[in-house]
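**Student:** With these hints in hand, go ahead and build the complete structure from the sequences.
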Amino acid sequence: MEKFVVFKGLAAPMDRENVDTDAIIPKQFLKSIHKTGYGENLFDAWRYKDTGEPGKDNSKRPLNPDFILNQPRYQGASIMVAGKNFGCGSSREHAPWALQQYGFRAVIAPSFADIFFNNSYKNGFLPIVLTADQVRRLIDKINGFVGFQIEIDLPRQVVIADGEEMPFEISGHRKYCMVNGFDDISLTLLQAEKIRKFEEARKIRHPYYFSTNIANASL
Amino acid sequence: MPQTLYDKLWDSHVVHTEEDGTALLYIDRHLVHEVTSPQAYEGLREAGRKVWRPDSIVSTADHNTPTDGWERGLDGVVDPISLEQIVTLDKNIKATGALAYYPFLDKRQGIVHVIGPENGATLPGMTVVCGDSHTSTHGAFGCLAHGIGTSEVEHVMATQCLVQRKFKNMLVRVEGTLAPGITGKDVALAIIGKIGTAGGTGCAIEFGGSAIRSLSMEGRMTLCNMAIEAGARAGMVGVDETTLSYLKGRTFAPTGREWDVACQYWRTMKTDDGAVFDVVVEMRGEEIAPQVTWGTSPEMVTTVEGRVPDPEREKDASKRDAMERALVYMGLTPNVPITDIRLDKVFIGSCTNSRIEDMRQAAWVVKRLGKKVASNVKAALVVPGSGQVKLQAEAEGLDKIFKDAGFDWREPGCSMCLAMNADKLEPGERCASTSNRNFEGRQGAGGRTHLVSPAMAAAAAIEGRFADIRKLL
Ligand code: SF4
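For the protein sequence lines, the chains are A and B, in the order given. Going by this note's numbering, the first sequence opens with residue 1, and the numbers climb by one from there. Going by this note's numbering, the second sequence opens with residue 220, and the numbers climb by one from there.
These are calculated hints, taken from the structure and not from any lab test. Just so you know, these numbers come straight off a predicted model, no measurement behind them. We put the beta carbon where it would ideally sit given N, CA and C, even for glycine. Among the hints, erroneous ones may be present.
As the list claims (entries may be wrong) - Among chain B residues calculated to face chain A with C-beta under 7 Å, some are: (1) E303; (2) T369; (3) L637.
As the list claims (entries may be wrong) - Here are the simulated SDA-like cross-link-like pairs (lysine to any residue), alpha carbons at most 20 Å apart as the crow flies: (4) B/K310 x A/H34; (5) B/K269 x A/V179; (6) A/K3 x B/D540; (7) A/K56 x B/N640; (8) B/K227 x A/G39; (9) A/K84 x A/L130; (10) A/K194 x B/W271; (11) B/K538 x A/P110; (12) A/K203 x B/V233; (13) A/K84 x B/D540; (14) B/K385 x B/P221; (15) A/K84 x B/N640; (16) A/K194 x B/R268; (17) A/K35 x B/F471; (18) A/K203 x B/K227; (19) B/K227 x A/I195; (20) A/K197 x B/N640; (21) B/K326 x B/K538; (22) A/K203 x B/V480; (23) A/K203 x B/H235; (24) B/K313 x B/D287; (25) A/K175 x B/K269; (26) B/K534 x A/R16.
**Tutor:** Right, dumping it as C-alpha cells:
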C-alpha cells in the first residue's frame, strides 16, 4: 500500500450530495476479476455521452463537456471536495479503486457512507470529514481560482488551503496504517495466537457454530 | 448492566481491542459469491496466505448468473466476463474448500442472503459477513451481520477476523398491529421514509416492538435487508420462538441435545429490559400503508394513496434540487396520483423479496385479480431467490398461477435487482420492483425503478399501474 504522509495537489469540486457508488463506478464494470483498470470508467455515466461497457475503447468515446472532471482546468486533479453522504450505496470497493486509479488520493466531504469510508482506508485512499461550512468555502475557492491546490498533512491531521489550517479526525489505528503503508492483514496476523485461543474457547462453548462437514459440490 | 442485543453480539466476538477502540472481531460465517471474491482470492495467493477456516465459508454464484437458458449449462452464460467470474469462483472454492458450495446450476443455488438462512448456515448469536451490502438481512436471526468490501473479504479469509469499530445502538420500535396486506417491505420503506437514507449511519439498528415481532422470518429478513438503505450497516431482530421454529431441522442447524443447548443460549440473544440505546425512533404499525417510491433514493417514498410530491413545496434548497433532479430522471410530474403511474415492466425477486412467502403473496394477488398481465406491461419477471424456493413454489402450484397470467417464471439469482445479467430495463422504462435500490441506472442505464412489496408489484403487473392491494382483501 502506498504511504500517505504529506500530500499537496490540484483540487476538483463535486458539488452535489449523496454521490452514490453506482455513479462513481457503474455496475457493468464490476465484472472484472482483477483489482485494477477502473480509473477510465470513474463516473462513467456522467463523464461520457454514450453508455460504457467493459472492454470498450474509452479513448474513442464522446466526452460530456459539461462534466466537471472533463474541464481542462481540472485535468490532473488529485483531491476531490464533495457534498455530504459521499459514497452511499453498495459495498463495492471498486469505488475507491476507481477514484484512486483515476488519480485521486483523497476526498473531502461533510460526511461519508460507512462502507465507502472503511473501504477507502483499506486502500490507502484518504476520506476526510470537514464541516459543511469548511467544505462550502473550499468549493467556492476551487470554483474561484483556476489551479487551486489543497495540502493534506496526515501526521498533523490538518487540511491546508489558502493559508488556512483545518484539523480533521482520524483513528490512531488508521493513521498508523496509512502513514506507514501497512495493510490490515499483516497487522492482524500479529495477533494470530490470540485469534487461535479465542477460536478454541468458542468451539468448546458453542460447538454448533463449527460444523465441519465440508462438502464440495461440483459443476 | 442491561445490554442491547448488539452489545451482546459485539462482546461475544471481540478477540482483541486497540487503545483507540478498534477491535478484532471474530467471524463465524463468511458468505462468498462470484463478484466480490476473485480479487480477495487473488490477493491471498499473491501474498502466499491460506484461508484460515474454510468451513466458515458458504458460497454460491448468484450476482450475474443468467436466469434462463440453464439447459445450455455454462454455454448459456453469454457474457464472457460473467462466465469468467463463475468459473473463477469454482476454481477458488475447489482449491481452498468451503462448508457448502452451491454453484451455478446446482439445485440449491440461489441468492447468498436467501440460501444462508434457508440452509441454517445463519444462526443466532453468530457474526455473518459477505462482500455484499445486503448482508444485513441475516440480522433477522439475532446475529450480527453486515456487508464488507473486497479487502475485508480477503482479511476475513486470511485471519477469520474483521477490524471493526463499534457502532452506536439504535432502536426502531414499531408498536401496534400492521393492517392486513402490509408487509415487511412496507415497514422498511416507511422507516426509511421517516429517518432518511442516512438516518442509521454509524449505527446498528435493532428493530423491535409488537409489530416487528408479529412478522414472519421472511418479513424480518426483508426489513433487516433494507437496514443498509437507512444507512446502517447492520439491522437485527431479537430471537424469539418464531426464529427458533424457522431454524429447526435446517441443514446446518444443530440437532438433538445440541439443539436444546443452542436454543438455551439463543433465547438470550435479545435486548435486556432497561438497556439503553443511543437513538430511539418510534412508529405505529397501524399508520403504515402500502409504500411506493417515486424517486431515485429509497427515502423518496410515499403511500399508494399519495401523489408525486411537488418540489415547489420543499423549503430546503438542496432537497428541492434533489427532488427536481429525481423527478426529471423518473419522468414524473408533480401532484400526479401514484395510482396513475403506468408501468412497462415488473420485477418480483431479489434478496429483499424472493422467498417463499413473497412468492405466495404475489401469487395470491394474481389469483385474486384473476386476469392477465396488462398489455402495457412488456415483461413481468418472477425470479425465486433460490432453487429450494423455486421447488417449493412449484410444489404449491405458484409457478402455474404466474405463468397462466403471463408472468415469466425464471431460475434463481439476483437478476434485475442489479441488472448484471441479461435481465435489465431499457432507457426510460418504468418498473415496479420488489428489490431494494432505486438509484439511477440500478436496473439498467436510464431505467426507472419504483420499489414496492411483492403483493403491490403483482397488482401493478395485472393492472398496468399501481393499485392499492388493500382493496382486494
Ligand atoms: S439481490 Fe440485489 S441486493 Fe441482493 S445480493 Fe443480489 S444484487 Fe445484492
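**Student:** Look at each hint and say if it fits the structure.
**Tutor:** Results for each hint:
Of the supplied interface hints, the one on B/E303 holds, with its beta-carbon coming within about 6 Å of a beta-carbon of chain A, less than 7 Å. Interface hint status for B/T369: upheld, as the beta-carbon distance to the closest one in chain A is roughly 4 Å, under 7 Å. Restraint check, B/L637 versus chain A: the minimum CB separation of about 6 Å is within 7 Å; hint holds. For the proposed pair B/K310 and A/H34, the alpha carbon gap of about 15 Å is at most 20 Å, so the pair holds.
Between B/K269 and A/V179 the alpha-carbon distance is near 27 Å, which puts this suggested pair outside the 20 Å criterion. Restraint check for A/K3 and B/D540: the C-alpha separation of about 39 Å exceeds 20 Å, so the hint is violated. Restraint check for A/K56 and B/N640: the C-alpha separation of about 18 Å stays at or below 20 Å, so the hint holds. Between B/K227 and A/G39 the alpha-carbon distance is near 42 Å, which puts this suggested pair outside the 20 Å criterion.
Taken as a hint, the A/K84 and A/L130 pair is honoured in the structure, with Cα atoms around 10 Å apart against an allowance of 20 Å. For the hint pairing A/K194 with B/W271, the CA-to-CA distance comes to about 14 Å; that is within 20 Å, so the pair holds. Of the pairs offered as hints, the one joining B/K538 and A/P110 holds, with about 16 Å between alpha carbons and a cut-off of 20 Å not exceeded. The hinted pair formed by A/K203 and B/V233 meets the criterion: a straight-line CA distance of about 15 Å does not exceed 20 Å.
Of the supplied pair hints, the one linking A/K84 and B/D540 holds, its CA atoms being roughly 14 Å apart against a limit of 20 Å. Taking the CA atoms of B/K385 and B/P221, the gap is about 17 Å. The hint holds against a cut of 20 Å. Only pairs whose Cα atoms come within 20 Å are accepted, and A/K84 paired with B/N640 is rejected, the gap being roughly 32 Å. As the CA atoms of A/K194 and B/R268 are separated by approximately 18 Å, the hinted pair is consistent with the 20 Å bound.
For the hint pairing A/K35 with B/F471, the CA-to-CA distance comes to about 34 Å; that exceeds 20 Å, so the pair is violated. Straight-line distance between C-alpha atoms of A/K203 and B/K227 comes to about 18 Å, which keeps the hinted pair within the 20 Å bound. Distance hint between B/K227 and A/I195 is fulfilled; the C-alpha atoms sit about 19 Å from each other, no more than 20 Å. Of the pairs offered as hints, the one joining A/K197 and B/N640 is violated, with about 44 Å between alpha carbons and a cut-off of 20 Å exceeded.
Restraint check: the Cα-Cα separation between B/K326 and B/K538 comes to about 47 Å, which exceeds 20 Å; the hinted pair is violated. At most 20 Å may separate the alpha-carbon atoms for a hinted pair to count; A/K203 and B/V480 meet this at roughly 14 Å. Taking the CA atoms of A/K203 and B/H235, the gap is near 18 Å; set against the 20 Å cutoff, the hint holds. Taking the CA atoms of B/K313 and B/D287, the gap is about 25 Å. The hint is violated against a cut of 20 Å.
Distance hint between A/K175 and B/K269 is unfulfilled; the C-alpha atoms sit about 27 Å from each other, more than 20 Å. The straight-line distance between the Cα atoms of B/K534 and A/R16 is roughly 18 Å, inside the 20 Å bound, and the hint therefore holds.
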